[in-house]
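A.B. asks: Take the position in the sequence shown, starting the count at 1, then add 24; the result is the number in the numbering used here.
Because the hints were derived from the structure by calculation, they are not lab data.
A couple of the hints might just be wrong.
[Stated by the list, open to error] With a straight-line Cα cutoff of 30 Å, these simulated DSSO-like cross-link-like pairs (lysine-lysine) come out:
no.	residue 1	residue 2
1	Lys-462	Lys-61
2	Lys-537	Lys-166
3	Lys-417	Lys-467
4	Lys-462	Lys-542
5	Lys-302	Lys-543
6	Lys-500	Lys-353
7	Lys-537	Lys-162
8	Lys-53	Lys-542
9	Lys-353	Lys-231
10	Lys-326	Lys-162
11	Lys-166	Lys-354
12	Lys-326	Lys-302
13	Lys-462	Lys-284
14	Lys-68	Lys-53
15	Lys-500	Lys-61
16	Lys-417	Lys-543
17	Lys-535	Lys-569
18	Lys-166	Lys-231
19	Lys-537	Lys-500
20	Lys-326	Lys-354
21	Lys-500	Lys-285
22	Lys-231	Lys-417
23	Lys-53	Lys-500
24	Lys-231	Lys-285
25	Lys-231	Lys-84
26	Lys-284	Lys-231
27	Lys-417	Lys-500
28	Lys-162	Lys-284
29	Lys-462	Lys-417
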Amino acid sequence: MSALPNTELGCVLPYGIPHAISSSLRRWKYINWWADKDERIVSKLTSDYPRFVIHILVRKLRASIVDRYCVPDEDCLPFPTMETATTCINFLRSNTATTCLDRLRLVHIAPLRSKAEKLSFDASAIRWTTFWVVVFHKEDMKVAQQVWQHRGEGMSSRQAEFCLALLEPGYLAAVEGAKVKSEASAEVLGNGGVSSILDPVILPDGKDVMATMQRRIAALASVDRRQTPVLPDDVFLYPSGMSAIAHGVDALCDIHGRDKKFIIFGTTYSDTRPVIEKFGPGSVYLGGASDAELDELELRLKLGERFTALVCETPGNPMLTSPDLVRIKKMSEDYGFLMVIDETVGTWVNVDALKFADMTFTSLSKSFSGACNVLGGCIVINNLSPAYETLRKHFTTNYINEYFPLDAIVMESNSRDFVSRVRRMNSNAATLAAFLVKHIAVKEVRYPALVDQEKYGQIRRPTGGNSMLLSIIFHKLPDAVLFYDHLECSKGATLGTNFTLANAFVLMAMKPKLAEVKKFGIVEESVRVSVGLEDPAQIIAVFQKALNIVVESWAQMGMVS
């Protein structure tokens with residue numbers, strides 16, 4: 025099952041794919057190293073989830089830019105638009121030492137007539153080989169990477185590859201011309217004027233595939249509301265799931281201001297909370313998604329406290345719990361906050377998030393793609409929401425396409441069989457969960473059908489399943505480690521892949537906060553499993569073999585007869 029020719033540390037997943045978005049972490053100790061950013065693992069990774077580990081092709085582009093346009097002690101990060109680069113500049117200006125600010129600037133790179141006499145750039149190629157580089161003191165790389173990681177707006181590996189092939193021969197260069205000041209008073213090199221660029225390398229503009237995906241997503245989101253379907257124009261595509269979340273947070277702040285905080289209800293994706301804290305107004309964190317926490321929230325609202333929005337996931341990752349959305353919806357109507365649901369784990373096939381949400385987030389990188397070779401994200405605004413007109417006006421006015429066409433083309437192709445794949449994953453996950461819950465080595469299985477079925481039923485479609493995701497809770501930490509190390513399937517970051525993928529997710533994503541999240545039932549001695557498309561009997565056999573090793577270890581210690 026999911027056998028790989030090489031699953032050594034750092035091997036990309038899927039194996040041999042140049043733009044893979046995961047890598048092999050087949051030992052528990054590797055997850056520990058990853059969480060600690062230990063050099064023993066950092067030095068091995070040529071690729072991993074691109075927001076966390078800068079792809080080798082982006083690193084090569086950075087090195088080429090540093091060599092050409094930076095002085096010693098400087099580093100840089102490339103961004104596809106001036107807007108995304110300016111966000112990074114602004115963040116650095118607010119979060120770095122004053123002594124380093126003199127190094128902070130934007131370098132504008134574009135095709136030059138004098139350098140590209142032998143090539144003819146079409147309009148799309150000009151658009152996507154024109155990019156912006158944030159240059160900073162190398163000591164500030166960790167700060168700059170917070171923007172890269174949390175907002176997911178950095179240049180993709182495919183765009184880096186495309187630009188690198190033109191930069192190194194000299195067809196692209198820092199544009200000469202007037203110096204322009206950004207909002208952050210950072211220096212922008214170049215005028216970017218038409219005179220410096222070839223008039224009309226051919227590159228599809230991606231508009232057709234973007235429109236196809238918008239129609240596809242709108243149709244998926246409209247399955248149970250045929251009288252008032254979601255409009256394709258209400259689907260906004262972004263280069264990653266976190267980019268969608270970041271733009272959603274930005275929009276709500278622009279519309280409602282920054283005086284009122286967000287509510288984070290339940291354990292959302294690990295970067296959602298940092299985006300709201302670092303780029304938004306901050307949040308109130310109610311991480312257990314419990315009825316008691318809803319009581320607390322209701323009391324705060326009755327006492328006059330007000331919020332911009334409540335953000336939740338259904339089902340949640342990694343505990344697969346669901347909040348009481350009926351009750352939250354009533355509160356949102358009574359007290360005037362918006363409901364925002366991340367339905368990535370549930371998927372449009374299984375859940376109807378727009379039954380409750382004013383706006384939804386989705387990471388298309390997960391099961392919508394399935395192939396684990398491209399990032400993407402989207403926002404869908406609900407045309408039945410009282411806030412619809414305000415939201416729609418903001419997004420249509422402010423939306424900038426940052427999705428590199430070659431990434432969009434891959435995503436559209438991958439997603440054509442999305443529905444059938446999700447249904448197969450649902451079935452396989454249900455089969456695996458039924459097996460696991462009976463095994464002596466397993467303390468608990470977290471899976472929507474086994475936890476909070478009533479609350480999950482509030483959002484589950486009549487024909488929907490229970491998702492591809494489950495978490496296995498073990499009796500003690502050494503059992504989890506032994507199981508993980510002997511499990512013979514792919515192991516690494518991300519979820520929703522066509523192949524079964526396991527991960528010590530709590531350790532990887534929450535190591536600094538293990539004590540905080542333990543009170544919500546989130547424990548280190550767990551393994552998260554994203555169940556793939558393989559034959560279910562083969563999946564069961566692989567998991568049974570690893571679990572039996574755990575039981576055998578008990579016998580060796582005299583724990584079972």
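A.B. asks: Evaluate each hint against the coordinates.
C.D. replies: Hints versus structure:
Using a Cα cut-off of 30 Å, the hinted pair Lys-462 and Lys-61 is violated, with the two alpha carbons roughly 37 Å apart. For the hint linking Lys-537 to Lys-166, the alpha-carbon distance of about 20 Å falls within 30 Å, and the restraint holds. Restraint check: the Cα-Cα separation between Lys-417 and Lys-467 comes to about 50 Å, which exceeds 30 Å; the hinted pair is violated. Distance restraint check for Lys-462 and Lys-542: the Cα-Cα separation of roughly 24 Å lies within the 30 Å cut-off, and the hinted pair is therefore satisfied.
A hinted pair counts as satisfied when its Cα atoms are at most 30 Å apart, and Lys-302 with Lys-543 qualifies at roughly 25 Å. Between the alpha carbons of Lys-500 and Lys-353 the distance comes to roughly 38 Å, so the proposed pair goes past 30 Å and is violated. Distance restraint check for Lys-537 and Lys-162: the Cα-Cα separation of roughly 28 Å lies within the 30 Å cut-off, and the hinted pair is therefore satisfied. Note on Lys-53 and Lys-542: the hinted pairing holds, with a Cα-Cα distance of about 21 Å set against a maximum of 30 Å.
A threshold of 30 Å between alpha carbons decides the hint, and for Lys-353 with Lys-231 the separation of about 36 Å lies outside it, so the pair is violated. As the CA atoms of Lys-326 and Lys-162 are separated by approximately 49 Å, the hinted pair breaks the 30 Å bound. Between the alpha carbons of Lys-166 and Lys-354 the distance comes to roughly 42 Å, so the proposed pair goes past 30 Å and is violated. Taking the CA atoms of Lys-326 and Lys-302, the gap is about 28 Å. The hint holds against a cut of 30 Å.
Restraint check for Lys-462 and Lys-284: the C-alpha separation of about 47 Å exceeds 30 Å, so the hint is violated. At most 30 Å may separate the alpha-carbon atoms for a hinted pair to count; Lys-68 and Lys-53 meet this at roughly 14 Å. Between Lys-500 and Lys-61 the CA atoms are separated by roughly 25 Å; this keeps the pair inside 30 Å, and the hint holds. A C-alpha spacing of about 41 Å is found between Lys-417 and Lys-543, which places the hinted pair above 30 Å, so the restraint is violated.
The straight-line distance between the Cα atoms of Lys-535 and Lys-569 is roughly 28 Å, inside the 30 Å bound, and the hint therefore holds. With a C-alpha separation of about 35 Å, the suggested pair Lys-166 and Lys-231 falls outside the 30 Å cut-off, and the hint is violated. Between Lys-537 and Lys-500 the CA atoms are separated by roughly 19 Å; this keeps the pair inside 30 Å, and the hint holds. For the given pair, Lys-326 sits about 13 Å from Lys-354 by alpha-carbon distance, which is consistent with the 30 Å threshold.
Our distance criterion of 30 Å between C-alpha atoms is broken by Lys-500 and Lys-285, whose separation comes to about 38 Å. Distance restraint check for Lys-231 and Lys-417: the Cα-Cα separation of roughly 21 Å lies within the 30 Å cut-off, and the hinted pair is therefore satisfied. Simply put, Lys-53 and Lys-500 have alpha-carbon atoms about 16 Å apart, close enough for the 30 Å limit, and the pair holds. A distance of roughly 36 Å separates the Cα atoms of Lys-231 and Lys-285; the hinted pair therefore is violated under the 30 Å criterion.
For the hint pairing Lys-231 with Lys-84, the CA-to-CA distance comes to about 28 Å; that is within 30 Å, so the pair holds. Pair hint Lys-284 plus Lys-231 does not hold up; C-alpha atoms about 37 Å apart against a cutoff of 30 Å. Restraint check: the Cα-Cα separation between Lys-417 and Lys-500 comes to about 52 Å, which exceeds 30 Å; the hinted pair is violated. For the suggested pair Lys-162 and Lys-284, the alpha carbons sit about 35 Å apart, so the restraint of at most 30 Å is broken.
Only pairs whose Cα atoms come within 30 Å are accepted, and Lys-462 paired with Lys-417 is rejected, the gap being roughly 52 Å.
Checked against the numbered hints above, the structure breaks hints 1, 3, 6, 9, 10, 11, 13, 16, 18, 21, 24, 26, 27, 28 and 29 and satisfies the rest.
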